[in-house]
Amino acid sequence: MRVKYVLNEVLVGLWRNVTMTIAMIITMSVSLSMLGASVLLYMQVDLMKEAYYGNIQVSIFMTDKVTDGEKEAIGQAISNSPLVTEKTYESKADALKRFQKLWADSPDFVNAINADSLPESYRVKLSDPEKYDEFAKTIQGMPGIRQIIDQSDTLEKVFEIFNAIQLSSLVVASFMAVAALLLVGNTIQVAAYSKRREVAVMKLVGASNWFIQAPFVLEAVVAGLIGAILGSIFLFVAKVVLLDNKLQALTTILTPMPDSNVLLMVPLLAGVGALVSAATAWITLRFYLKV
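With full-length UniProt numbering, the residue at position 137 of the sequence shown is 137, and numbering never jumps.
Honestly, I wouldn't trust all of these hints.
What the hints assert, rightly or not - Label pairs and their calculated CB-CB ranges:
#1 Arg123 / Asp46: 56 to 62 Å
#2 Asp68 / Asp133: 40 to 46 Å
#3 Thr85 / Leu275: 44 to 50 Å
#4 Lys157 / Thr19: 37 to 43 Å
#5 Lys101 / Leu275: 22 to 28 Å
#6 Ala112 / Thr63: 50 to 56 Å
#7 Ala115 / Leu268: 19 to 25 Å
#8 Ser91 / Ala164: 37 to 43 Å
#9 Leu263 / Lys92: 35 to 41 Å
#10 Asp133 / Leu102: 25 to 31 Å
#11 Asp64 / Glu86: 24 to 30 Å
#12 Ile113 / Ala23: 55 to 61 Å
What the hints assert, rightly or not - Straight-line C-alpha distance at most 30 Å; calculated DSS-like pairs for lysine-lysine:
#13 Lys131 / Lys87
#14 Lys239 / Lys131
#15 Lys157 / Lys125
#16 Lys65 / Lys49
FYI, nobody ran anything at the bench for these hints, they're computed from the structure. Even glycine gets a Cβ: it sits at the ideal position worked out from N, Cα and C.
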């Protein structure tokens, strides 16, 4: 009987303040979706680092006048390095083929380049990409070498951008969370005020604190769960529409986001939404109802 009464009071309370309830749900869904987006971005950046850093190559470009002896000496020095796990020689013709493949969408640019415009090079994969400086010192300055490029430098700049976006989304989510908490608190205060006479009667007849507070707390929890569900749906739709169909068609930098990561956000956002809403409602009632 008590459970039935509490659940009935929850439904009545949500409907009584329907406009504030809708506003609370919308604010909660936006803040939780931003939180979920920042978590997904954090997980995605880790996946991208694992994928890209595992395939980082060091490019050793040679001069146009490099001799066969110099090429052989450079290749031998690379092979003798214990840091090298894979070595590939790329001739001018091979470099042209790769260039034509990369810039296939710009035929005029491709036609302006011939094999003599591109240098010969060695493509090297290291066992530990972070030891690039140590490897570079072993071959730097050898005759025939024009330039040594570490792809991790470019990747670091790319990931700095992603980290900045991640931090920005987390900051926005924090501001939205504060707004959601204030709205939850105000909604609970309004609900408690509208039922102040009933609360006073329950106090007089000796109702427990839990029995009085439970309907208000559950109202906040229900709103938080609905907001979490809406936020999860928004994340899944955004993932399908933006990442799967748009962004990955425009760039090859982004790696596919697993559906399992998005599904993981459902229990995470539901737990956060319910817990934060319940805690906010309980603290508000402790100060407002004085029970």
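| Okay, which hints does this one fail, numbers in order? | Numbers 1, 2, 4, 5, 6, 7, 9, 14 and 16, in rising order.
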